[in-house]
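Number of protein chains: 2
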Amino acid sequence: MRRLELIGLEGIGEVVRGDSVGGLICAACAREDIALLDDDVVVIAHKIVSKAEGHVADLTKVQPSARAVEIGRQLDKEAELVEVILKESRGIIRSGGRALVVETHHGFICANAGVDQSNVGKNIVALLPKDPDGSARRVREEIRDQTGMQPAVIISDSFGRPWRLGTVDVAIGIAGMKAVKDERGLSDRYGYQLKAAVAAVADEIAAAAELVMGKRGGVPVVIVRGCEWEKEVGSVKDLLRPAAEDLFR
Amino acid sequence: MRRLELIGLEGIGEVVRGDSVGGLICAACAREDIALLDDDVVVIAHKIVSKAEGHVADLTKVQPSARAVEIGRQLDKEAELVEVILKESRGIIRSGGRALVVETHHGFICANAGVDQSNVGKNIVALLPKDPDGSARRVREEIRDQTGMQPAVIISDSFGRPWRLGTVDVAIGIAGMKAVKDERGLSDRYGYQLKAAVAAVADEIAAAAELVMGKRGGVPVVIVRGCEWEKEVGSVKDLLRPAAEDLFR
Numbered sequence: 152m153r154r155l156e157l158i159g160l161e162g163i164g165e166v167v168r169g170d171s172v173g174g175l176i177c178a179a180c181a182r183e184d185i186a187l188l189d190d191d192v193v194v195i196a197h198k199i200v201s202k203a204e205g206h207v208a209d210l211t212k213v214q215p216s217a218r219a220v221e222i223g224r225q226l227d228k229e230a231e232l233v234e235v236i237l238k239e240s241r242g243i244i245r246s247g248g249r250a251l252v253v254e255t256h257h258g259f260i261c262a263n264a265g266v267d268q269s270n271v272g273k274n275i276v277a278l279l280p281k282d283p284d285g286s287a288r289r290v291r292e293e294i295r296d297q298t299g300m301q302p303a304v305i306i307s308d309s310f311g312r313p314w315r316l317g318t319v320d321v322a323i324g325i326a327g328m329k330a331v332k333d334e335r336g337l338s339d340r341y342g343y344q345l346k347a348a349v350a351a352v353a354d355e356i357a358a359a360a361e362l363v364m365g366k367r368g369g370v371p372v373v374i375v376r377g378c379e380w381e382k383e384v385g386s387v388k389d390l391l392r393p394a395a396e397d398l399f400r
Numbered sequence: 152m153r154r155l156e157l158i159g160l161e162g163i164g165e166v167v168r169g170d171s172v173g174g175l176i177c178a179a180c181a182r183e184d185i186a187l188l189d190d191d192v193v194v195i196a197h198k199i200v201s202k203a204e205g206h207v208a209d210l211t212k213v214q215p216s217a218r219a220v221e222i223g224r225q226l227d228k229e230a231e232l233v234e235v236i237l238k239e240s241r242g243i244i245r246s247g248g249r250a251l252v253v254e255t256h257h258g259f260i261c262a263n264a265g266v267d268q269s270n271v272g273k274n275i276v277a278l279l280p281k282d283p284d285g286s287a288r289r290v291r292e293e294i295r296d297q298t299g300m301q302p303a304v305i306i307s308d309s310f311g312r313p314w315r316l317g318t319v320d321v322a323i324g325i326a327g328m329k330a331v332k333d334e335r336g337l338s339d340r341y342g343y344q345l346k347a348a349v350a351a352v353a354d355e356i357a358a359a360a361e362l363v364m365g366k367r368g369g370v371p372v373v374i375v376r377g378c379e380w381e382k383e384v385g386s387v388k389d390l391l392r393p394a395a396e397d398l399f400r
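Residue numbers (the numbering used here), protein chains in the order written: chain A, 152 to 400; chain B, 152 to 400.
Simulated from the structure, these hints should not be mistaken for lab results.
Note that the coordinates shown come from a computational prediction; the quantities given were computed from them, not determined experimentally.
Among these hints, one or two may not hold up.
It does not matter which identical chain is meant; a pair holds if it fits inside one copy or across any two.
[To be verified] DSSO-like, lysine-lysine: derived pairs with alpha carbons at most 27 Å apart:
| no. | residue 1 | residue 2 |
| --- | --- | --- |
| 1 | K238 | K273 |
| 2 | K329 | K273 |
| 3 | K382 | K238 |
| 4 | K346 | K228 |
| 5 | K273 | K346 |
| 6 | K212 | K329 |
| 7 | K329 | K346 |
| 8 | K273 | K212 |
| 9 | K238 | K346 |
| 10 | K382 | K346 |
| 11 | K346 | K281 |
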């Protein structure tokens, strides 16, 4: 029987600038008596990574540009918040209602460049890590140094979607695993060669982990055990659709 | 510790028109010695539901219209397949390359109206169920009648996404659970009132289940145990963004 298990890691506590996220995870695992395995995937809410890296902004210290003021007025958003979002973005993809959908410098297309006001502190916003694959690799190395094990690592965030309501978590940084599971060319039980069989397995793992994390903090790390995935250096870039092939920007 | 478990149900075997999907699930659970619980979510690949409902099409019996022939020529797709896709659609949202993104009669926006050639049989395609919420409710009643338990039921399919590569499974039919987890208005640990905290929990459960299902058949049903969700009649309609609020159609 194929079984998959997700274990929410509580008790990580408050993360501050300079913390080793891998070290905090290993300490929490030790307290909970969980031995990490090479075949596990460790999913981490980006917010604790951004906090540890000091990649946050204090809105009371932001001087909004005229453009940020104007966009803020149109979308009923704080000008200081808009200024931070614009700084994190390559360009605006769409805006309307209260929504500001941008392409980040990493190439993610998402609302508000992932700039997030929850679970950070008064007037403080968390930005996405500057190099999320690099952050994931660093956490993976910290875990290896402390335990000898090398689970895959995914850094996740909650993204909205066109056409469908509600957010679903996706991978924004990956280390140690192939981002997709590509079964094209294999045959189904009727001999039909699969054509569209590329699953975004890292995104599905992030979505699954969110079911355990929730949105109110307290469970920023989830260990996914029993999932099939391929070992590889891995990068979230393998999940980004090239602009030239995209019908929606 | 918060734990979530996913159990793949093998041995469902070939599903044919007229089969009771709920009955097949109960029989497979009995063989595997799994007792379903009220708090479980049973995720079912839409394909076995479509087969049981006879909602498939034989491409050798389809007469393509001139429009289907023309679109097929432009997109390098079989005209008969395009004809079936157009019949399942309210309208075309975008086309280009080899992609045909439509709005189905249910209101789903997806590639090829969900018409699927894999795991069905030579020249046969599976369509999406006509009323997927109704199908989910029927399976739920069959399970209740046979076991006395009323787990939630999700019917799933693999959807592509704009901007990101690879498919992720989403819910296309729901019974017995609220589609979203709405934490807006609650406070985070810093007293910040959550604003964007609506998770598409049914979609995240479908995505998680796909990690166990895979694309090559054999595991069309996954039992999700230990997940937090709200009991409600439930409908996938609660996941569809109204056209007037959508920036991408």
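Now for the hints, and whether the structure bears them out:
| no. | hint | in the structure |
| --- | --- | --- |
| 1 | K238 x K273 | within (21 Å within a copy, 53 Å between copies) |
| 2 | K329 x K273 | neither (38 Å within a copy, 32 Å between copies) |
| 3 | K382 x K238 | neither (35 Å within a copy, 42 Å between copies) |
| 4 | K346 x K228 | between (44 Å within a copy, 12 Å between copies) |
| 5 | K273 x K346 | between (49 Å within a copy, 14 Å between copies) |
| 6 | K212 x K329 | neither (40 Å within a copy, 41 Å between copies) |
| 7 | K329 x K346 | within (19 Å within a copy, 33 Å between copies) |
| 8 | K273 x K212 | within (13 Å within a copy, 64 Å between copies) |
| 9 | K238 x K346 | between (40 Å within a copy, 22 Å between copies) |
| 10 | K382 x K346 | within (23 Å within a copy, 37 Å between copies) |
| 11 | K346 x K281 | between (35 Å within a copy, 25 Å between copies) |
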